[in-house]
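Chains as they are written, first to last, in the working numbering: chain Z, 1 to 111; chain X, 1 to 113.
Everything labelled a hint here was simulated from the structure, so no lab data went into it. Quick reminder that beta carbons are idealized off the backbone N, C-alpha and C, glycines included. There could be a bad hint or two in this list.
[To be verified] With a Cα cut of at most 25 Å, we get these calculated BS3-like pairs of lysine-lysine: (1) X/K42 to Z/K9; (2) Z/K71 to Z/K57; (3) X/K67 to X/K2; (4) X/K56 to Z/K57; (5) X/K56 to X/K67; (6) Z/K71 to Z/K14.
[Unchecked claim] Sample of chain Z residues with no beta-carbon within 10 Å of chain X, all distances over it, derived: (7) Q11; (8) M27; (9) G42; (10) P61; (11) G63; (12) S67; (13) S94.
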Amino acid sequence: NAGVTQTPKFQVLKTGQSMTLQCAQDMNHNSMYWYRQDPGMGLRLIYYSASEGTTDKGEVPNGYNVSRLNKREFSLRLESAAPSQTSVYFCASSSFTDTQYFGPGTRLTVL
Amino acid sequence: QKEVEQNSGPLSVPEGAIASLNCTYSDRGSQSFFWYRQYSGKSPELIMFIYSNGDKEDGRFTAQLNKASQYVSLLIRDSQPSDSATYLCAVNPGAGNNRKLIWGLGTSLAVNP
């Protein structure tokens with residue numbers, strides 16, 4: 001099992017460009033999450049999907065959109081990237097025990 | 001506002017000592033509690049979870065939960081330099097929270113050889 005996979009691992013964008021971060025899990029989990037992590041700010045929830053077909057805003061959703069494509073995949077889209085979105089992005093999934101398993105992360109720089 | 005608080009550290013301990021990491025939470029109805037370890041540049045990985053009051057042991061790690069005092073701690077026995085990392089405490093506040101966790105900012109641990 002690969003667990004949670006994320007692509008790309010690194011990305012550099014110019015202000016105003018768009019991109020989609022991809023996430024997939026092979027653990028048959030219902031719930032999936034997107035976080036960003038910045039120095040001194042901890043993990044902040046951007047969006048989550050409690051089950052296939054549902055998505056909800058987290059703590060910092062502005063500037064992002066998500067798609068729960070199917071049970072395995074949950075993508076995060078930046079429509080018009082801003083320097084404030086420079087961060088490390090983690091995708092996670094969880095089982096009925098609420099334990100969250102994380103992907104390796106995407107390091108995004110917006111110039 | 002539901003909160004999880006941790007001392008940011010750094011906590012420095014000598015190799016072989018016991019490292020004690022603490023976490024307090026604000027929501028008295030919280031049901032499940034998690035400790036994650038995060039090495040620099042890596043993603044968080046689960047160490048252990050605890051649901052019931054008392055101690056739970058897994059190898060060199062012991063989680064302690066006291067719901068009356070609203071704190072959860074992690075003890076690392078025989079600390080090794082490879083334990084040097086940031087330790088994140090996470091709490092599920094319970095029913096209606098849709099499986100979201102509330103995260104502390106983490107405690108940085110340095111184990112000195």
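We went through each hint and held it up to the structure:
1. With a CA separation close to 11 Å, the supplied pair X/K42 and Z/K9 stays within the 25 Å bound.
2. Restraint check for Z/K71 and Z/K57: satisfied, since their Cα atoms lie roughly 18 Å apart, inside the 25 Å limit.
3. Only pairs whose Cα atoms come within 25 Å are accepted, and X/K67 paired with X/K2 is accepted, the gap being roughly 15 Å.
4. As the CA atoms of X/K56 and Z/K57 are separated by approximately 34 Å, the hinted pair breaks the 25 Å bound.
5. Taking the CA atoms of X/K56 and X/K67, the gap is near 14 Å; set against the 25 Å cutoff, the hint holds.
6. Between the alpha carbons of Z/K71 and Z/K14 the distance comes to roughly 32 Å, so the proposed pair goes past 25 Å and is violated.
7. Non-interface call for Z/Q11 relative to chain X: holds, since the shortest CB-CB distance, roughly 16 Å, exceeds 10 Å.
8. Separation of Z/M27 from chain X is adequate, the least Cβ-Cβ distance of about 13 Å exceeding the 10 Å criterion.
9. For Z/G42, the non-interface assignment is contradicted: its Cβ lies about 4 Å from the closest Cβ of chain X, within the 10 Å cut-off.
10. Annotated as non-interface, Z/P61 keeps its C-beta farther than 10 Å from every C-beta of chain X; the closest such distance is 13 Å.
11. No beta-carbon of chain X comes within 10 Å of the beta-carbon of Z/G63; the shortest separation is about 20 Å.
12. The non-interface label for Z/S67 is consistent with chain X: the shortest C-beta to C-beta separation is roughly 18 Å, beyond 10 Å.
13. The non-interface label for Z/S94 is inconsistent with chain X: the shortest C-beta to C-beta separation is roughly 6 Å, within 10 Å.
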